[in-house]
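Number of protein chains: 2
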Amino acid sequence: MADDKFQKECKKNIMAVHDAMDVLNGKWKISIVASLCYYHKRRFSEILKDLNGISNKMLSKELKDLEINKLIRRTVLDTHPITVQYELTEYGQKLQSVIRDLTDWGAEHRKEIIGK
Amino acid sequence: MADDKFQKECKKNIMAVHDAMDVLNGKWKISIVASLCYYHKRRFSEILKDLNGISNKMLSKELKDLEINKLIRRTVLDTHPITVQYELTEYGQKLQSVIRDLTDWGAEHRKEIIGK
DNA sequence: CTGTATCCGAGATGATACTG
DNA sequence: CAGTATCATCTCGGATACAG
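Going line by line, the protein sequences match chains A and B.
Going by this note's numbering, the residue at position 105 of the first sequence is 105; the numbering climbs one at a time, nothing skipped.
Going by this note's numbering, the residue at position 20 of the second sequence is 20; the numbering climbs one at a time, nothing skipped.
Take these hints with a grain of salt, some might be off.
Copies of one chain are not kept apart here, so a pair can be met inside one copy or by any two copies together.
List of simulated lysine to aspartate or glutamate pairs, EDC-like, C-alpha gap at most 16 Å [stated by the list, open to error]:
1) 29 / 19
2) 29 / 87
3) 41 / 67
4) 12 / 46
5) 94 / 108
6) 70 / 108
7) 70 / 112
8) 12 / 108
Hints were generated in silico from the structure; no laboratory data involved.
Given the sequences, and given the hints that come with them, work out the whole structure.
See the structure below:
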């Protein structure tokens, strides 16, 4: 029946969200994606400053995770000393609408919190 | 200069995202919101089934967190035995576009993964 | 500058049993 | 049915020092 179809649809959608969050878990990943989403190209030390409170160890680990999942691309630049540039892959860029929505919501949320 | 303004804008956006994720942290919160987003009204035991692998303890805790942050509303129904209904608040409903984007992305992501 | 290595504690999460 | 209580585990994540 139609109810059954609705159930399956919901279940599938919820699983999709869960799959997405599997890749984006952790305290910092989404913020990192956000940084690359807005700056487009960004260096290790720059991202370190973008995210208030993250340690270099965590940033290193999270970047590695994101790279493994093909969300970001890592490029070593031929400078002295070496610098490394990160950017979203075409695939990672598909998260832009998510980031923008979250930005809007987060900004509103901040107002709510401060308002109290 | 304009560059300065751009910087501030980026920083602000990244902070907004981080604020949003502060409320939505944890392995399950976004999936719970997704469940309520698609089902609109949902009972404790139903959500338990929606999210594959969550324990009742975690669900209880996450629901409490979400309620404290005014994202969901908890209603005790006068049935025998008692049943409890959860739903998004008007405020929580503002996350719908985030959820929908994540659903789309997650579905695509799943295809990518399975494709390998 | 961009990481890695190590140590450590706190909190997140899970399994199971239990209560109103 | 909707949780709580308890215990065990495991991962996250910070601090610090070090390396190429």
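These are the hints, each one checked on the structure:
For the homomeric pair residue 29 and residue 19, the shortest alpha-carbon distances inside one copy (15 Å) and between copies (13 Å) are both at most 16 Å. Proximity of residue 29 to residue 87 under the C-alpha cut-off of 16 Å is restricted to the intra-copy arrangement: shortest distance 13 Å within a copy versus 28 Å between copies. Taking the shortest Cα distances, residue 41 and residue 67 sit within 16 Å of each other inside one copy (14 Å), while across copies they are farther apart (38 Å). Taking CA atoms no more than 16 Å apart as the test, residue 12 paired with residue 46 passes between copies only; the shortest distance there is 15 Å, against 38 Å inside one copy.
Taking identical chains as interchangeable, the C-alpha atoms of residue 94 and residue 108 lie at most 16 Å apart only when they sit on different chains, with a minimum of 10 Å there against 23 Å within one chain. Taking identical chains as interchangeable, the C-alpha atoms of residue 70 and residue 108 lie at most 16 Å apart only when they sit on different chains, with a minimum of 13 Å there against 31 Å within one chain. In the homo-oligomer, the alpha carbons of residue 70 and residue 112 lie at most 16 Å apart only across protomers (10 Å), although the nearest pairing inside one protomer, at 35 Å, exceeds that limit. For the identical chains of this complex, residue 12 and residue 108 are inter-copy neighbours only, at 12 Å across copies versus 30 Å inside a copy, given an alpha-carbon limit of 16 Å.
In the structure shown, no violation is registered for any of the earlier numbered hints.
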